[in-house]
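Asker: Here's the letter readout for the chains.
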Amino acid sequence: MVFAALTLEREPMKWAELPMALRGWAQTAGLVAALALIIWTINWVVQNRMRHRSPMPRTASGRIFLLFLGISAGLFAFLGLTLLGRQINIRALAEMSPGADPMRPTIGNWLFTFAGAAALLAVAMPVLYDVVFRMRWGRIWALARLSLKEAIRSRVVLIFGLITLVFLFADWFVPYKPEDQLRNYVAVIYLSLPPLFLVTASLLGAFSIPADIRSQSIHTIVTKPVEKFEIVLGRFIGYAILMTVGLAVVAGLSLGYVVRGIHPDAAKESFKARVPIYGELGFDGTRGESVGRVWGYRKYIGGRSAGAKEQYAVWSFEDLPSELGRRAQPVAFEFTFDIYRMTKGQEDRGVFCDFLFIDGRLDRDEMQSRLSAFREDRKKYQDLVTKLSAQPAAEVLTRVEEQVKVDYPREGPEAVKLAQAHRAEAGEAKLDNLRSLRQEVESFLVLLHGVYEPATVEVKDYHTQAIEVPPQLFRYLNSLETAKPREEGTQGFRLPMMRVWVNINSSDATRATNAPQMLGVARADLYLLAAEKPFWQNFLKGILGLWFTFVLVLGIAVPLSTYLSGVITWLCTMFLFGAGIARDFVKRLSEGTHEGGGPMQSIYRIFNQTFHSGQLDESPTITTLKDVDAVYQFVFRLVYSILPDVNRYDLQEYVANGFDIAWGRVLFLDCFLPLVGYLLPWMILGYYLIKYREIANPN
Amino acid sequence: MNGEVVVETRKLTKIYRDFWGRQKKIALRALNLQVNRGEIFGLLGPNGSGKTTTIKLLLGLLFPTDGDALVFGKPAADVAKNERIGYLPEESYLYRFLNAEETLDFYGRLFKLDPKVRRERAEKLIDTVGLSRDKKRILKEYSKGMRQRIGLAQALINDPELVILDEPTSGLDPLGTRWMKDLIVQLRDQGKTIIMCSHRLEDVQDICDRVAILNEGELQELGTVRGLLEDVQKMELQASGVQLNDALRADLEQVLAKHGGKIEFIGHPTTTLEDLFLRIVAQSKAHPGKRYLPERMAKDAAVTAEKAGAAEKSTNIKK
Chain A
55 MVFAALTLER EPMKWAELPM ALRGWAQTAG LVAALALIIW TINWVVQNRM RHRSPMPRTA
115 SGRIFLLFLG ISAGLFAFLG LTLLGRQINI RALAEMSPGA DPMRPTIGNW LFTFAGAAAL
175 LAVAMPVLYD VVFRMRWGRI WALARLSLKE AIRSRVVLIF GLITLVFLFA DWFVPYKPED
235 QLRNYVAVIY LSLPPLFLVT ASLLGAFSIP ADIRSQSIHT IVTKPVEKFE IVLGRFIGYA
295 ILMTVGLAVV AGLSLGYVVR GIHPDAAKES FKARVPIYGE LGFDGTRGES VGRVWGYRKY
355 IGGRSAGAKE QYAVWSFEDL PSELGRRAQP VAFEFTFDIY RMTKGQEDRG VFCDFLFIDG
415 RLDRDEMQSR LSAFREDRKK YQDLVTKLSA QPAAEVLTRV EEQVKVDYPR EGPEAVKLAQ
475 AHRAEAGEAK LDNLRSLRQE VESFLVLLHG VYEPATVEVK DYHTQAIEVP PQLFRYLNSL
535 ETAKPREEGT QGFRLPMMRV WVNINSSDAT RATNAPQMLG VARADLYLLA AEKPFWQNFL
595 KGILGLWFTF VLVLGIAVPL STYLSGVITW LCTMFLFGAG IARDFVKRLS EGTHEGGGPM
655 QSIYRIFNQT FHSGQLDESP TITTLKDVDA VYQFVFRLVY SILPDVNRYD LQEYVANGFD
715 IAWGRVLFLD CFLPLVGYLL PWMILGYYLI KYREIANPN
Chain B
2 MNGEVVVETR KLTKIYRDFW GRQKKIALRA LNLQVNRGEI FGLLGPNGSG KTTTIKLLLG
62 LLFPTDGDAL VFGKPAADVA KNERIGYLPE ESYLYRFLNA EETLDFYGRL FKLDPKVRRE
122 RAEKLIDTVG LSRDKKRILK EYSKGMRQRI GLAQALINDP ELVILDEPTS GLDPLGTRWM
182 KDLIVQLRDQ GKTIIMCSHR LEDVQDICDR VAILNEGELQ ELGTVRGLLE DVQKMELQAS
242 GVQLNDALRA DLEQVLAKHG GKIEFIGHPT TTLEDLFLRI VAQSKAHPGK RYLPERMAKD
302 AAVTAEKAGA AEKSTNIKK
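From first to last, the protein sequence lines stand for chains A and B. The working numbering puts the first residue of the first sequence at 55, with every later residue one more than the last. The working numbering puts the first residue of the second sequence at 2, with every later residue one more than the last.
Hints listed in this document are in silico derivations from the structure and should not be mistaken for laboratory results. Ideal placement from N, C-alpha and C gives every residue a C-beta, glycine not left out. It is possible that some hints are incorrect.
[Stated by the list, open to error] So these bits of chain A aren't anywhere near chain B, every CB distance computed over 10 angstroms: (1) 64; (2) 125; (3) 195; (4) 199; (5) 275; (6) 299; (7) 533.
[What the hints assert, rightly or not] Cross-link-like lysine-lysine pairs, in silico, DSS-like; alpha carbons within 25 angstroms at most: (8) A:641 <-> A:680; (9) A:203 <-> B:26; (10) A:353 <-> A:514; (11) B:291 <-> B:308; (12) A:538 <-> A:459; (13) A:363 <-> A:514; (14) A:363 <-> A:353; (15) A:231 <-> A:363; (16) B:113 <-> B:125; (17) A:745 <-> B:145; (18) B:145 <-> B:113; (19) A:203 <-> B:82; (20) A:459 <-> A:433; (21) B:235 <-> A:203; (22) A:433 <-> A:471; (23) B:235 <-> B:263; (24) B:26 <-> B:12; (25) A:203 <-> B:145; (26) A:203 <-> B:117; (27) B:125 <-> B:141; (28) B:113 <-> A:745; (29) B:286 <-> A:745; (30) A:484 <-> A:459; (31) B:145 <-> B:125; (32) A:745 <-> B:82; (33) A:326 <-> A:68; (34) A:595 <-> A:326; (35) B:145 <-> B:117; (36) A:745 <-> B:12; (37) A:459 <-> A:441; (38) B:145 <-> B:263; (39) A:68 <-> A:441; (40) B:113 <-> A:203.
Chain A with its partners taken away, still in its complex shape (with noise of 0.2 angstroms):
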């Protein structure tokens, strides 16, 4: 087996998460756009008192522009007052200031939304109003193809011909192991096209527009009939279609690449998109351990050693898809464990581990019992079925489904009728030996008692391993759902639908072995295989991301060059790439969570030798450089929000490991909106400036 688990930093947002990221950025973008329009104004009263004119706007557009702005303003003015309200303890202001948690939204909180909400339509709407009215969709696409035909005919294109050095040489530093090929490959495709389509946009992006304003071939375009804004748009959406086309013959010639050079068994092993379903993990017995690992992804469970508590790594399942319970084959649960071997153990094997897939509403207690009696009726009916061999299965089967109607008046009846419900949906299992009847008894069983348990499996350290549930479940847990919703459990909290049980088995044959072991586990080490798609609409899927992440250079360098010269756009548009590959460590830096604390506590340590991880003792120094590095937390939260967030778009983990790229929740939800969010005020950026941009001024 191939090692496939997905291993992800970070968790692509949820749908249920999308209010707050709406509010978030309403905040962040609405208080830059906020700033702004203070300058704007401050500018407009004086420009227009120098000319002894009126600063009324005389326009509809005008005053609903003015409308907004005095909302924001108003707004942001009670927000101030609230804030101090709280700096000098007035209580109902207070109350009213913005909360720090955003998952549970004060009413600060909201005003601080609409504030920044309106201080964005205020900045958006002639942007807005000129896009509907004013602009023609025949001139940006006549600028585009210019721009096509620019970098056509000044055989920029070539450049993604480079990628045929790749293809020529990259075999010679591939390793041939079959169970790292295809990361391999993936990865070698993965690094270097962006390099290729990231320099080629951000230098097509920074220079095209300062070139024109420098040869002044932008004098014959601003002097028809076109909005200065619409250049902007007809370059970046030329050069957007020029990268696509290109990178889309790269990525179909990276794909026959990949493809070709694969061994058969990794082949058959990788070239799959896994279509994984996640449940939340917790712990029973444990809170999870730390072997002392620096990356702390994984947390552990260990043996039973005589006289401690069972620990068990639990997977709850929220909802899950009701078609499962409709299959005729069995639904594959997949897992990749860590094994941290704390004794040598037994040469070449795994660790033995128990599994335990189960009806998610049962509380502890309910859970031992119905686990007991699934035990006792397997090995019942499973005898019976032994003895009744000799019948036809068919038979058997309704002798033990009639035997089952008697020991459980109550629940039995149903179970046969589940049971019969999914032959008629599903189909009738071939049952033409004894193995196979005794499988179907199990799976009725499961109807039976809402549980599965498979045998023991020996799990080996990070592989890829299945087990196979019977759909039955999945059937159970269905009617169980039509008959009555799922209350909120003891904690306030929904309980699931489904919970897989995990620990490390200890039974007296595998305790010398099995026990001091640890099993390292984490969410996405264990997951429902819903589906399995073709890998290459995976692996074009992982190009997506890299077409949003040349986009977004793009959509930085365009807006840029509207003010700028090229070679400063270029190295702003680097920079701000770059710096966004590290954004994190600037969110740590903002939030005063860094390890070692802010730029003035680094520099003392620097040379007072402190180890960065150690406490600096109190102090008066100590005490005025962490209130420096507060100061310096505001100064890292505004670049924060400037920052693209760049490693968002890097899905090569997906494809790597074989796990599909949903198009929903990762290249929508987690993509594309934010990339529309981010690129969104660098346009409105873009109109002003090159809008109020006196072309022709030589300074």
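Put chain B on the given structure of chain A with help from the hints.
Answerer: Below, chain B alone, put in the same frame as chain A:
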């Protein structure tokens, strides 16, 4: 000219400032101008006098520091006015990777032109500016004159009411210059208003109806060319059918003395160098390999040749 004001500037002022807002140069000072429909209006002045700045302010390429620039009654910053304007920059800053056809197609697309109209108009303009044979060549391969021609074509792609030309004859040879001047006059005759600025005074003198002379950003003179150039203290008389000799001169002096005047110069009028050049080129084209003869000498030569021809003919008859 029907007196309708197409372009108007009111106290138009432009001051260039540096990044910090400090004043660097006053490019234009309180310029008041009116350009009427159907006239050729010339802006004259030395380098740095504010001609190009005025044009750029009218086109919205620069923003006024003070005052107003109105084109068709709308502020110069109004993009919609550009539907009715054609602009030829000082140098033809067109995209050199495009050919003539593509250039006109591109600029045509920036207007609300029906594709068919756009194609027809582009074809006609290429023909008008004499680039039909070179329409598939990219502009990078064009000479400066050719680029100026295609530049003019792009300025006319929207059949504008107002054509603004910045140094339209710059870089053109005398033939091209004449062609350009003729075209400008044609455009005026079609009812278009032309604003042009030029260093070449003779061009302005030849074709402009009115001129404004600027120096160091200030308007020095404004009026019709004739009105500005006319010296009312002097008189010019042109006569034909008589030979200039002492008797005639004496008679003229006598007449003028009677009215209190005197002759300051009397002689034969000269043509312009441009006219002479054009005649030479035209004759050279008509009779390749033959050296140019001035008109008078050509007449004598023709008479001689005629006589020689007649003599030869009579000899032949005799034979």
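Asker: Against this structure, judge whether each hint is valid.
Answerer: Right, here's what the structure says about each hint:
1. 64: Given that every Cβ of chain B is farther than 10 angstroms from that of residue 64 of chain A, nearest at about 41 angstroms, it holds.
2. 125: holds, 28 angstroms
3. 195: violated, 8 angstroms
4. 199: violated, 8 angstroms
5. 275: Given that some Cβ of chain B is not farther than 10 angstroms from that of residue 275 of chain A, nearest at about 7 angstroms, it is violated.
6. 299: About 18 angstroms separates residue 299 of chain A from the closest Cβ of chain B, which puts it past 10 angstroms; holds.
7. 533: Check passes; 64 angstroms lies beyond 10 angstroms.
8. A:641 <-> A:680: The given pair, whose Cα atoms are some 17 angstroms apart, holds under the 25 angstroms limit.
9. A:203 <-> B:26: violated, 39 angstroms
10. A:353 <-> A:514: This hinted pair holds, its Cα atoms lying about 17 angstroms apart.
11. B:291 <-> B:308: holds, 20 angstroms
12. A:538 <-> A:459: Distance of about 23 angstroms is within 25 angstroms: holds.
13. A:363 <-> A:514: holds, 24 angstroms
14. A:363 <-> A:353: The given pair, whose Cα atoms are some 17 angstroms apart, holds under the 25 angstroms limit.
15. A:231 <-> A:363: violated, 41 angstroms
16. B:113 <-> B:125: Given that 25 angstroms is the threshold and the Cα spacing comes to 18 angstroms, the pair holds.
17. A:745 <-> B:145: Distance ~32 angstroms between residue 745 of chain A and residue 145 of chain B Cα, so the pair is violated.
18. B:145 <-> B:113: violated, 30 angstroms
19. A:203 <-> B:82: violated, 29 angstroms
20. A:459 <-> A:433: holds, 17 angstroms
21. B:235 <-> A:203: Since the Cα atoms of residue 235 of chain B and residue 203 of chain A sit roughly 62 angstroms apart, the hinted pair is violated (cutoff 25 angstroms).
22. A:433 <-> A:471: Holds: residue 433 of chain A and residue 471 of chain A sit about 22 angstroms apart, inside 25 angstroms.
23. B:235 <-> B:263: Cα-Cα ~10 angstroms, so holds.
24. B:26 <-> B:12: holds, 17 angstroms
25. A:203 <-> B:145: holds, 23 angstroms
26. A:203 <-> B:117: holds, 22 angstroms
27. B:125 <-> B:141: Cα-Cα ~22 angstroms, so holds.
28. B:113 <-> A:745: Holds. Residue 113 of chain B to residue 745 of chain A sits at ~22 angstroms (cutoff 25 angstroms).
29. B:286 <-> A:745: violated, 52 angstroms
30. A:484 <-> A:459: holds, 24 angstroms
31. B:145 <-> B:125: holds, 21 angstroms
32. A:745 <-> B:82: holds, 16 angstroms
33. A:326 <-> A:68: holds, 24 angstroms
34. A:595 <-> A:326: holds, 13 angstroms
35. B:145 <-> B:117: violated, 30 angstroms
36. A:745 <-> B:12: holds, 24 angstroms
37. A:459 <-> A:441: Distance of about 19 angstroms is within 25 angstroms: holds.
38. B:145 <-> B:263: violated, 49 angstroms
39. A:68 <-> A:441: With Cα atoms ~52 angstroms apart, residue 68 of chain A and residue 441 of chain A exceed 25 angstroms; violated.
40. B:113 <-> A:203: Holds, at about 22 angstroms.
The structure is inconsistent with the numbered hints 3, 4, 5, 9, 15, 17, 18, 19, 21, 29, 35, 38 and 39, although it conforms to all the rest.
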